[in-house]
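S.K.: Model the full structure from these sequences, guided by the hints.
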Amino acid sequence: MTRIDFRTYPVQVQEFFDLEPGLREPVVDVFGFYCSTQPLATYLAQLDEAGLDSAVMVALDCTTAHKSSVATNEQLADLMKLSERIIGFASVDPSDAGAPQKLRTAVDDLGLSGLNLDPALQQFEPADEGTAFPVFEAAQDLGIPVSIAVGHNWAPIAPTSAFTPMSLEPAISAFPELDFVIPHVGWPYVQEALALAIKYPNVHLDTSVLYGGRPESSLRRVLADQVGLDVCEASLREKLVFASDYPRVDPKRFVRAMQMLEFRPVTEQQILGGNAERLLGKKAAKNVSTTESKKGSL
Amino acid sequence: MKSEVIRLGIQTDHDTQVIDITDRVKEAARSTGVQNGVCYATTMHTTSGIMVNEGLPDVEDDIISMLQRTAPELRDDHRHQRFLPSDGQMAVNSCSHQRSHLTGMQVAFPVQDGELVMGGRQTIYFAEFDGPLYREFIVHVIGV
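In order, the protein sequence lines correspond to chains A and B.
Numbered according to the UniProt record's numbering, the first sequence spans residues 1 to 298.
Numbered according to the UniProt record's numbering, the second sequence spans residues 1 to 144.
I should point out that these hints are in silico values taken from the structure, not numbers from a laboratory.
From the three backbone atoms N, C-alpha and C, an ideal C-beta is built for every residue, glycine too.
Accuracy of the hints is not assured; some may be wrong.
FRET-style restraints, in silico, Cβ to Cβ [claimed, not checked]:
(1) B/17 x A/20: 33 to 39 Å
(2) B/77 x A/162: 33 to 39 Å
(3) B/17 x A/82: 24 to 30 Å
Computed footprint of chain A on chain B; a stretch qualifies when at least three of its residues, placed anywhere within it, have a C-beta under 8 Å from a C-beta of chain A [what the hints assert, rightly or not]:
(4) 13-23
(5) 79-91
M.R.: Here's what the structure looks like:
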């Protein structure tokens with residue numbers, strides 16, 4: 001089974017900045033990341049040290065809100081050419097009427113495998129049927145998952161209270177075939193995220209809980225104390241997806257934090273890769289289905 | 001009097017490891033042309049170290065074990081385990097800083113007739129305590 005880090009950002013990878021001058025500015029001003037870069041080879045060694053095979057790296061299109069992108073779909077596609085271990089997720093600006101088509105291009109032409117959205121940073125309303133829903137519809141048609149940030153946000157200019165997990169419910173119920181992944185178990189609105197994940201088959205939770213203390217302690221406080229390990233085993237085995245939020249923290253410590261929860265082996269396998277593989281596999285399954293359908297209609 | 005600083009890079013592969021850099025330090029010192037003086041090898045980081053010990057795998061393992069026992073990672077009473085706004089990332093590597101502190105950031109050897117003066121069992125190591133990372137250390141030679 002492939003072990004996958006389901007949400008990382010390319011903002012500490014030197015090769016990402018080599019692609020285009022000027023990328024540093026939105027990383028600092030919008031995303032709020034200030035550390036020096038490391039070579040891609042070093043990042044891949046960090047995946048090795050963490051026991052991870054692949055990582056989802058996400059774009060983030062903040063054109064309307066901040067007149068820039070933290071990473072574009074094209075830059076992600078270029079990074080993917082440097083290592084097959086990188087799985088690129090697109091981002092589009094829902095305030096842009098052309099966003100659904102841009103998403104289709106990113107998936108069909110650039111080979112990206114999912115959608116990343118951050119309503120607080122991108123300044124859009126996820127329940128808006130006129131702007132957000134066409135993007136969700138395109139993602140559902142494409143068979144890709146959407147990682148959508150709510151609750152706590154480390155970007156200094158993104159308000160924490162702007163969107164809670166419940167703000168996603170209209171979209172979650174309107175697009176039942178679209179898989180939504182809520183980062184960091186929606187912290188600090190953990191119970192809202194839990195309620196959605198238990199109720200809706202298309203809601204998943206990523207594990208990148210980071211707010212203070214060691215990853216081991218913060219993850220335990222949320223998954224063991226607030227959610228309950230018994231609930232994780234019984235109701236969330238197919239719903240929890242491992243993610244580190246790199247480079248906000250290093251993946252090796254976050255994998256260890258997950259393993260220290262001592263889930264049953266089958267549950268741990270699902271969290272560290274099985275669930276992510278299933279979410280990422282829908283697009284391929286959909287492509288096969290479409291091809292078969294076309295063959296049948298001839 | 002001559003003073004030359006040479007910056008060298010090193011890719012580490014693991015969270016914790018010691019890497020023999022003796023030949024790189026000797027070669028860098030030689031390249032300065034200084035015949036008599038002193039050579040410093042210094043790490044540029046606060047979660048790594050430069051150390052000297054006998055170049056044997058078992059000695060290396062025992063030193064790492066000693067540092068891990070002395071400065072364990074999984075403690076609740078570290079204060080350096082929080083979000084660091086100036087970095088934009090979590091600072092959860094207190095043990096790495098402590099192991100660096102115990103190891104030291106620098107070693108020095110005399111230079112005589114253009115060569116480092118070292119004991120027969122002495123090996124210079126770059127010590128990684130928060131890898132894998134791309135690191136830098138400097139060789140500074142002062143003399144004539």
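S.K.: Does each hint fit the structure? Answer for all of them.
M.R.: Results for each hint:
1. B/17 x A/20: 33 to 39 Å: holds (34 Å)
2. B/77 x A/162: 33 to 39 Å: holds (35 Å)
3. B/17 x A/82: 24 to 30 Å: holds (25 Å)
4. 13-23: holds (count 3)
5. 79-91: Holds: 9 residues of the stretch 79-91 of chain B have a Cβ under 8 Å from chain A.
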